[in-house]
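Trainee: So the sequences go chain by chain: C and H.
Heads up, the first sequence is in my numbering, so the first residue is 1 and it goes up one at a time.
Heads up, the second sequence is in my numbering, so the first residue is 1 and it goes up one at a time.
These aren't lab readings, by the way, just hints derived from the structure by calculation.
One thing to keep in mind: the hints can contain errors.
[What the hints assert, rightly or not] In silico SDA-like pairs for lysine to any residue, Cα to Cα no more than 20 angstroms straight-line:
{"id": "1", "chain 1": "H", "residue 1": "264", "chain 2": "C", "residue 2": "115"}
{"id": "2", "chain 1": "H", "residue 1": "603", "chain 2": "C", "residue 2": "156"}
{"id": "3", "chain 1": "H", "residue 1": "517", "chain 2": "H", "residue 2": "579"}
{"id": "4", "chain 1": "C", "residue 1": "156", "chain 2": "C", "residue 2": "108"}
{"id": "5", "chain 1": "C", "residue 1": "70", "chain 2": "H", "residue 2": "316"}
Note that the structure is predicted; figures quoted are calculated from it, not measured.
Each chain is listed here by its residues.
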Amino acid sequence: MKVEELNVDEKIGHVKDVLTEDQKKRGVLIHAFQSIQKEHNYLPEDVLKALAKKLDIPLAEVYSTASFYKHFYFKPRGRNVVCVCTGTACHVRGASKVLEKIEESFGIKPGETTPDLSMTLETVGCVGCCGLAPVATVNDEIIGDLNPKKAGEVIKMVEGK
Amino acid sequence: MEKLKTIDDLKNLRKQISDHTFLPDVPRVRLCSGTACTATGAPKVLSAIEEEAAKRGITLDVVKTGCQGLCQKGPVMKVEPEGIFYQKVKPEHARSIMSYTVAGGIPFRQSLYRNNILEEPIPEMTNVPFYKKQLRIALRNNGLIDPRKIYHYIAVGGYKALEKALGSMSPDDVLAEVDRANLRGRGGAGFPAGKKWKHSKGASGKIKFVIANGDEGDPGAFMDRSVMEGDPHSLFEGMLLCAYAIGAEYGMIYVRHEYPLAVKNLGIAIKQAEELGLLGKNILGSGLNFTIDIREGAGAFVCGESTALVASIEGERGFPRPRPPRLSEHGGGAWGYPSNLNNIETYACVPPIVEKGADWFLGIGTKNSPGTKVFALTGKVVNTGLVEVPMGITLREIIYDIGGGIMNGKKFKAVQTGGPSGGCIPEEHLDLPVDFDSLAKVGSMMGSGGMVVMDEDNCMVDVAKYFLSFCQSESCGKCPPCRIGTYQMLEILERITTGKGEEGDIERLEKLGKLVKEGALCGLGNSAPNPVLTTIRYFRHEYEEHIRDKYCQAKACSGLGVFRIEHDECFLCGLCKQACAFDAVKETKDSFFIDQDYCTKCKACYNACPIGAVKVEKKRKTPEKQEVV
Chain C
1 MKVEELNVDE
11 KIGHVKDVLT
21 EDQKKRGVLI
31 HAFQSIQKEH
41 NYLPEDVLKA
51 LAKKLDIPLA
61 EVYSTASFYK
71 HFYFKPRGRN
81 VVCVCTGTAC
91 HVRGASKVLE
101 KIEESFGIKP
111 GETTPDLSMT
121 LETVGCVGCC
131 GLAPVATVND
141 EIIGDLNPKK
151 AGEVIKMVEG
161 K
Chain H
1 MEKLKTIDDL
11 KNLRKQISDH
21 TFLPDVPRVR
31 LCSGTACTAT
41 GAPKVLSAIE
51 EEAAKRGITL
61 DVVKTGCQGL
71 CQKGPVMKVE
81 PEGIFYQKVK
91 PEHARSIMSY
101 TVAGGIPFRQ
111 SLYRNNILEE
121 PIPEMTNVPF
131 YKKQLRIALR
141 NNGLIDPRKI
151 YHYIAVGGYK
161 ALEKALGSMS
171 PDDVLAEVDR
181 ANLRGRGGAG
191 FPAGKKWKHS
201 KGASGKIKFV
211 IANGDEGDPG
221 AFMDRSVMEG
231 DPHSLFEGML
241 LCAYAIGAEY
251 GMIYVRHEYP
261 LAVKNLGIAI
271 KQAEELGLLG
281 KNILGSGLNF
291 TIDIREGAGA
301 FVCGESTALV
311 ASIEGERGFP
321 RPRPPRLSEH
331 GGGAWGYPSN
341 LNNIETYACV
351 PPIVEKGADW
361 FLGIGTKNSP
371 GTKVFALTGK
381 VVNTGLVEVP
391 MGITLREIIY
401 DIGGGIMNGK
411 KFKAVQTGGP
421 SGGCIPEEHL
431 DLPVDFDSLA
441 KVGSMMGSGG
451 MVVMDEDNCM
461 VDVAKYFLSF
471 CQSESCGKCP
481 PCRIGTYQML
491 EILERITTGK
501 GEEGDIERLE
511 KLGKLVKEGA
521 LCGLGNSAPN
531 PVLTTIRYFR
541 HEYEEHIRDK
551 YCQAKACSGL
561 GVFRIEHDEC
571 FLCGLCKQAC
581 AFDAVKETKD
591 SFFIDQDYCT
601 KCKACYNACP
611 IGAVKVEKKR
621 KTPEKQEVV
């Protein structure tokens, strides 16, 4: 999404009728972050600056809001995102071993990206697939019933891409 | 789609649809297309079945339903009219299922459900133990309809409650019915929805909001996701009824971004409802205006707390706000407008109550908690998945009858209810009838309905540490009791689980826990110490063992116990020696042994041993020096 093309009224939805201009601008902030991140994979500084100007919100406050939410990133991310679920159900069924195995194979910790930008490793609280625990997602594709051995498949999937 | 202008239009439409939808004698496959079944291959099964049907020239009605519950055995599907239930279906089974069941009317044995491989398979869905004790109200249409088709919802009686409310009931009647039904908030605290609605109705100001909380952040819970994904219109209908009752015009659904399928299905459903005129201006000619917007979360657990959720909707940091003013009061809700906030499941329960009456609802469940509750049964049970049961059912029934008992024949240790804010319930309370009050009495809570079963291999101190670390990392940091208190508690637990626990740590935990509970600003902090406090209450001996004997019964915590190789069991494969990074495993001519001076208790040898000959034992007490007489 181009920041210039952001249509505040359209993004905020039906509630626009009862909100002031400032409330509307503030209200679309998280929406805007999501669209920016979808396009760039992270929130680049220059885009956020343009957004702050467009919405008339101080840049510091834009950063303050974005940094609160775990889902927004300020650094480029890998082409593949592997997300290991460490929710309760996955935890009791051995998610930590799976995570260890993946950490070992790529030499990165959760939240980090490999230097060649091929892969970002993350953990998530719960993807809601507890029936298949332990679970990991590779680029939003869910792989269930993992164990350290099967984690090799995840690794291969990433390397193949 | 043509806009419906009157209530009669809707009635006529339903009649028209019913003439050619879900006819009883048409062969039909209801395939689960929820997140879990999609992950295990439902789309491939779908195309295989459709291809097979096309090849044979059979007109087969394929319904892609929402979550059917038995996620563990996915992909699952039901073939009608025989009502045969298939599990773990693979694309290559499509041919046989077509030949046997669709064409021949007999079950295809390979894909039927079995309790275990020695038992006879169970063909009918209603006889599968997992479904036998369930009663579905909130999930009534999951597994029945395609959530992407509003006509399906209308065909099975959807929007009938709205029809009834707009046609023959005043807003006060609707409110009175919900209030009398004593529908308690399914999000966790169990506050009666009727009371909440009354507050919102009584608030000053013309503009009001109806907000649905779908920020289901509890790890191990996915009931709201299933409703949003599998039956979005029942959520809308509940919100519409609420809007009618309290006089609101704007609706909002707050969904976690981790649920992309839910966001997608909700979007489709809103569009269809708007096209039919079931959302928008002057709905069915009644003068009711109501619109729904979707707000996506961005990965903050605290945003499930109502005031934090409102802050997030407004585009702020998701900080909770002090109450009063409550959300339902002027100045408390979104942008200061009075807002009625309920959980997704609560709204989904409203249409049947309005349609069938409060008395019907009061007849189900227990006296103080009528109705049903959806639980996400997970952890170490045989059948994991989504279950909806009447309140008052015992934990034992849920875990053993529906869940099929503990995996691998292990021993039950505890069940954790209510997510990170709940508590662990030990075996002695297994026969407890489950409702809001009984769970609170034993120190846990209903929560949103996560139910994680733990067996003897789970260390309770480790589990408490896990939940606390979740709350600690999700604490928003606004108030010190939660921010600092959970951090300090976690440090103590960290110490205990790595063998550095000291006398007095348990008391310190209890004291800190109480402080955090009383001092925190919002629900997250108020309940964060619960897992620690309940595990101390019921499993104090495990804490003591960790601290005094430096030993972990479940062998889950590393850095505890004494490692020893049992020579009678060891068959000299040498894997333990290879695994040890510290050269603590020594070899003699015919045995391996562990040199305690080098051992760091990292558990590498324990995990490496293929036959379990490496034992972790309690440290033997060194005999006290005998005094010389």
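Trainee: Each hint: holds or not?
Mentor: Cross-check of the supplied hints:
1. With a C-alpha separation of about 34 angstroms, the suggested pairing of residue 264 of chain H with residue 115 of chain C is violated against the 20 angstroms cut-off.
2. This hinted pair does not check out: residue 603 of chain H and residue 156 of chain C have alpha carbons roughly 28 angstroms apart, beyond 20 angstroms.
3. With a C-alpha separation of about 44 angstroms, the suggested pair residue 517 of chain H and residue 579 of chain H falls outside the 20 angstroms cut-off, and the hint is violated.
4. Between residue 156 of chain C and residue 108 of chain C, the direct Cα distance comes to roughly 16 angstroms. Compliance with the 20 angstroms bound is thereby established for this hinted pair.
5. Distance check on the hinted pair: residue 70 of chain C and residue 316 of chain H sit about 14 angstroms apart at the alpha-carbon level, within 20 angstroms; holds.
In summary, the numbered hints that this structure violates are 1, 2 and 3.
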